[in-house]
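A.B. asks: In case you want the letters, here they are:
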Amino acid sequence: MTEHKIETPKERLNRHKAMEASAVLEKIKHDYKEPPRAMEYFYDLYERVHCKHESLHSDKAKVGTMCIQVPSEIIYALDAVPLRLCNGFYTDDEIGSDFLPSKSCPLVKATVGQFVSNNFSDKPDVIISPTTCDQKAKSGAIIESMGFSVYDMEFPRTKESHESREYWRRSVRKFTKDLSENLNTKLSKKKLKESIQKIGYAQHLYHKLNILRKNTASPILGKDMFLVTNAFFFDKIDSWIDAMKKLLEECEEMVEAKVNAASKMSPRIVYTGSPPIFPNLKIPLLIELCDAIIVADETCSSNRMFNDMVSVDEWFINDMIDSIADRYLKGCTCPIFTKNDDRKRRILDLVKDYKADGVVYQAFAGCQVYEMEQRSVLEAMQKAGVPILYIESDYSPSQSGQLTTRIEAFVESLKNRKRRQQ
Amino acid sequence: MNYFAGIDIGSTAIKIAIVDENRKLVGHKISASGSMFYKYAKQALKEMLDELNIDEKNLVYRVATGYGRKLFKEADENISEITANAMGAMAAADGKCNIKTIINIGGQDSKAISLDDEGNVVNFAMNDRCAAGTGKFLDVVAMNLEIEVDELGEYHFKSQGTPLAINSTCAVFAESEIIGLLGNDHSVEDIVAGVHYSIAKRIIKLLKRVGINEGIYFDGGPALNSGLVNAIENELGKKIFIPEFPQITTSYGAAILALESYEFENKI
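If you read the protein sequences in the order shown, they are chains A and B.
Heads up, the first sequence is in UniProt numbering, so the first residue is 1 and it goes up one at a time.
Heads up, the second sequence is in UniProt numbering, so the first residue is 1 and it goes up one at a time.
Note that these hints are calculated values from the structure, not bench results.
Take these hints with a grain of salt, some might be off.
[Stated by the list, open to error] With a Cα cut of at most 30 angstroms, we get these calculated DSSO-like pairs of lysine-lysine: (1) Lys-208/B / Lys-138/A; (2) Lys-5/A / Lys-100/B; (3) Lys-123/A / Lys-238/B; (4) Lys-5/A / Lys-239/B; (5) Lys-355/A / Lys-29/A; (6) Lys-174/A / Lys-189/A; (7) Lys-52/A / Lys-236/A; (8) Lys-239/B / Lys-27/A; (9) Lys-174/A / Lys-190/A.
[What the hints assert, rightly or not] Label-pair ranges, simulated between beta-carbon atoms: (10) Gly-161/B / Asp-291/A: 25 to 33 angstroms; (11) Gly-119/B / Asp-291/A: 54 to 62 angstroms; (12) Lys-52/A / Glu-118/B: 44 to 52 angstroms.
C-beta: ideal position from N, C-alpha, C; glycine also.
So here's chain A without its partners, still in its complex pose:
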């Protein structure tokens, strides 16, 4: 038998991730109606970063963020790049499983798993861990014990009270000061204003594209929207904005030409729950393979990231920082908050605004807050007469058989309902 060189652990891991990523890209590119041409940029970006392990930010200080709550505006203003570490790889989930209880959330396990293997296309210099859910907060300490620099950013669990607002504003001010010391960069008024405006512009583009999805003939499928928003986690912001402009332009033309990314009878779905993060786009992909279309979502890997813009009264540093803090607290509908009527309200608004036929709620097995909150969301939807499907899932790639059947049945029931209503 011929002699062959054995892969190094790093080569093996990169191959595993490349195999996982390309399998999903493969599906995304080929199993659906033709996507907008401008999606090519995003497909290519994922291929470069996740299959070829290309680094995008070798020239900049990198700030890893463990949650949506870390203000990107401040990081950009300090001349650094925010990199969201929330991870969707089953490969990393399996590695992280050795460090966390078996019932933990796959996203947290995968995030920890990536630190265990210490293999990044762009390795973060400092990690910001907001104390949002217990699993993330506690895994910050595990990551620190592996020799990484982790900064705990204190985050309140309620958002209605004046106390929590003040507490969070103080956290953000302290974070700004500490990060600027850590990166040895002084925060300037000009830079902060610029970064608020730049992110505001990115949000503006996203909102414009989103509004197009309200059309009965939506130009873009949800699986592509998740790719677009997930790319905001790690792409160069200027490149992302450029790609987004092109996509928006093309989608506007498609709406003009009444091009439908789905078919005429495809039920319109609002997606909520645990965040689909590449390559774990399992549930969105299944939904749209069953001839439904995701027209809007309430997740921290997409819509929730772009919800509200920072609104500034006076362009002074402290005022800007406080406004940033408010946008990251008040606008957030994460289930870690108690109470959390905001989330139900937002889902219902989305259903109404996007003329949705039903809601799909995914909870990662082990994500307690989403699992716990499903009951009250289900009740709220039932009360409003909105059909809802609750799915518990994880990152394992082989589980799709039964899930397909459940989703198919749900989509068919929505179609029947639609037909009867017509």
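With chain A held as given, fit chain B onto it using these hints.
C.D. replies: Chain B in isolation, oriented as in the chain A frame:
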């Protein structure tokens, strides 16, 4: 001279090994199981003896193993394939590899066996899900790709891109996954590499259940597939040992047991 036979009746093939009084492997034979295990096994054994010019009188002890072992009525003794595999592996490695872990991929199942220093079976695990990742699975893959099973290794090493992930644990669903990949114009080479890696990953999971100890031995028909061997080595990050005739290890072990049982009974 007395001779001893080990007959391994598997789902796909009947393997026969014959050893002499000095534990030397004097002959081996592989024939298809077909539909009539018993008839074919008897026939194969007779042919084997003829080829080796051994008088039937001199075949003094027969041990049957494999999942069809109970069907072979002439057997003096039966032995499970786990024990036979371990015994055969120790004999086949002949000191060239200090075997602690055995990977065996058969026609319809795969096994991981861990051994202690004396070669006793300490623990073993079998795949619990149908024919995913077994020899049968490789047959189906080759058929779908319109190539021969023997060519799989060659194609594996020609793969240029990322090996394509095959995630279905069921052979039937994997088949449709592969057809889908072909439909999307992927190269046969990348698909073959993907199949090998998906089997390798499944094997590693099985191995982890028994513990992976240095001294890894791989046998069964699929061990002849150099692409699969490469994938398993890459997944393990370790070299593995492949015997000269990987298909007959289990029957070889059964033949050794035949010799030992005979010696014990006759107090030689």
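A.B. asks: It remains to establish, for every hint, whether it holds in the given structure.
C.D. replies: Against the structure, the hints come out as follows:
The suggested pairing of Lys-208/B with Lys-138/A holds, with an alpha-carbon distance near 28 angstroms, which does not exceed 30 angstroms. With a CA separation close to 23 angstroms, the supplied pair Lys-5/A and Lys-100/B stays within the 30 angstroms bound. Proximity of Lys-123/A to Lys-238/B is assessed by CA-CA distance (about 28 angstroms); at most 30 angstroms being required, the pair is judged to hold. Among the hinted pairs, Lys-5/A with Lys-239/B is consistent with the structure: their alpha-carbon atoms are about 9 angstroms apart, no more than 30 angstroms.
Of the supplied pair hints, the one linking Lys-355/A and Lys-29/A holds, its CA atoms being roughly 27 angstroms apart against a limit of 30 angstroms. With a C-alpha separation of about 17 angstroms, the suggested pairing of Lys-174/A with Lys-189/A holds against the 30 angstroms cut-off. Between Lys-52/A and Lys-236/A the CA atoms are separated by roughly 17 angstroms; this keeps the pair inside 30 angstroms, and the hint holds. For the suggested pair Lys-239/B and Lys-27/A, the alpha carbons sit about 34 angstroms apart, so the restraint of at most 30 angstroms is broken.
Note on Lys-174/A and Lys-190/A: the hinted pairing holds, with a Cα-Cα distance of about 20 angstroms set against a maximum of 30 angstroms. For the hinted restraint 25 to 33 angstroms between Gly-161/B and Asp-291/A, the CB-CB distance of approximately 31 angstroms keeps it satisfied. Roughly 58 angstroms separates the CB atoms of Gly-119/B and Asp-291/A, a value that falls within the hinted 54 to 62 angstroms. Our hint of 44 to 52 angstroms for Lys-52/A and Glu-118/B holds, since their Cβ atoms are close to 49 angstroms apart.
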